[in-house]
Amino acid sequence: MKLKIALSTFILCTSFALGQENDIDAENSIIPIENKIKRISLGVKFGIPSIASGAGEIILPIFKNHIAPYIDYSKIELALDDIDSNFSFLEYGVNFYTSEKGYGFFVGIGKSVLDSELMFKNLDFGLNGAKGSATIPFDLETTNFRVGVKTGGTFYLKFDLGYGIGNIPDSIDFTATSNGISKSFSEEIPPLPGVGVNGILLGSFGLGFSF
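The sequence shown stops at residue 236 when you use our numbering, and every number in between is there.
In short, the hints are calculated from the structure, not lab data.
Among the clues, some could well be false.
[As the list claims (entries may be wrong)] Here are the simulated DSS-like pairs of lysine-lysine, each with C-alpha atoms no more than 30 Å apart in a straight line:
#1 Lys136 x Lys126
#2 Lys100 x Lys146
#3 Lys100 x Lys89
#4 Lys126 x Lys61
#5 Lys146 x Lys63
#6 Lys156 x Lys89
#7 Lys100 x Lys63
#8 Lys100 x Lys61
#9 Lys136 x Lys156
#10 Lys63 x Lys136
#11 Lys89 x Lys61
#12 Lys89 x Lys146
#13 Lys208 x Lys146
#14 Lys63 x Lys126
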């Protein structure tokens, strides 16, 4: 549901930006095409915690092109010792560019949701050496702050660093059942990229196209 809401908002902003851009082009048809703002950016990002994600951004034609809503999404599977995990990472928010050209230095604020499933294997049920496994949902939500820089032109590069603030436990408690035997467990959270006890370290390198 959160993904659908974020995507719907992003699409609405895209439609608004394109409509406003057409109005501006009609009023300023004498402006050379090379000086027009490239408002839509689509590309990929590599970093933490998303590892690899798709990225989209819109430079809104209001407030002198300083405001740019963005959305990033990734879905990754990881295998770590006796724990398998798959998680999706969704981040959405707004970047504020210091330049009126829609690129250069920016600061960003956003919200991220990390939805994951952790499969704990080889759990010891303590009766005749009984072993089992359990799949447990584990979700994190953080408020993120970033600083970065983006190049201009049709092909862009983008770098950013930041930190996500949230309540992140260091273990998860659950009850599992195997062969009719139920037992309570407390297992440590696997070392997901960038995730610590106080928040999430953010950092990425991105590239793509603007138009």
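The hints, checked one at a time:
1. Between Lys136 and Lys126 the alpha-carbon distance is near 25 Å, which keeps this suggested pair within the 30 Å criterion.
2. Between Lys100 and Lys146 the CA atoms are separated by roughly 22 Å; this keeps the pair inside 30 Å, and the hint holds.
3. Taking the CA atoms of Lys100 and Lys89, the gap is about 35 Å. The hint is violated against a cut of 30 Å.
4. Among the hinted pairs, Lys126 with Lys61 is consistent with the structure: their alpha-carbon atoms are about 9 Å apart, no more than 30 Å.
5. Taken as a hint, the Lys146 and Lys63 pair is broken in the structure, with Cα atoms around 49 Å apart against an allowance of 30 Å.
6. Only pairs whose Cα atoms come within 30 Å are accepted, and Lys156 paired with Lys89 is rejected, the gap being roughly 62 Å.
7. Distance restraint check for Lys100 and Lys63: the Cα-Cα separation of roughly 28 Å lies within the 30 Å cut-off, and the hinted pair is therefore satisfied.
8. Distance restraint check for Lys100 and Lys61: the Cα-Cα separation of roughly 35 Å exceeds the 30 Å cut-off, and the hinted pair is therefore not satisfied.
9. The straight-line distance between the Cα atoms of Lys136 and Lys156 is roughly 39 Å, outside the 30 Å bound, and the hint therefore fails.
10. Annotation: proposed proximity of Lys63 to Lys136 holds, straight-line Cα distance about 25 Å (limit 30 Å).
11. Between the alpha carbons of Lys89 and Lys61 the distance comes to roughly 13 Å, so the proposed pair stays at or under 30 Å and holds.
12. Distance restraint check for Lys89 and Lys146: the Cα-Cα separation of roughly 54 Å exceeds the 30 Å cut-off, and the hinted pair is therefore not satisfied.
13. A C-alpha spacing of about 14 Å is found between Lys208 and Lys146, which places the hinted pair at or below 30 Å, so the restraint holds.
14. Restraint check: the Cα-Cα separation between Lys63 and Lys126 comes to about 8 Å, which is no more than 30 Å; the hinted pair holds.
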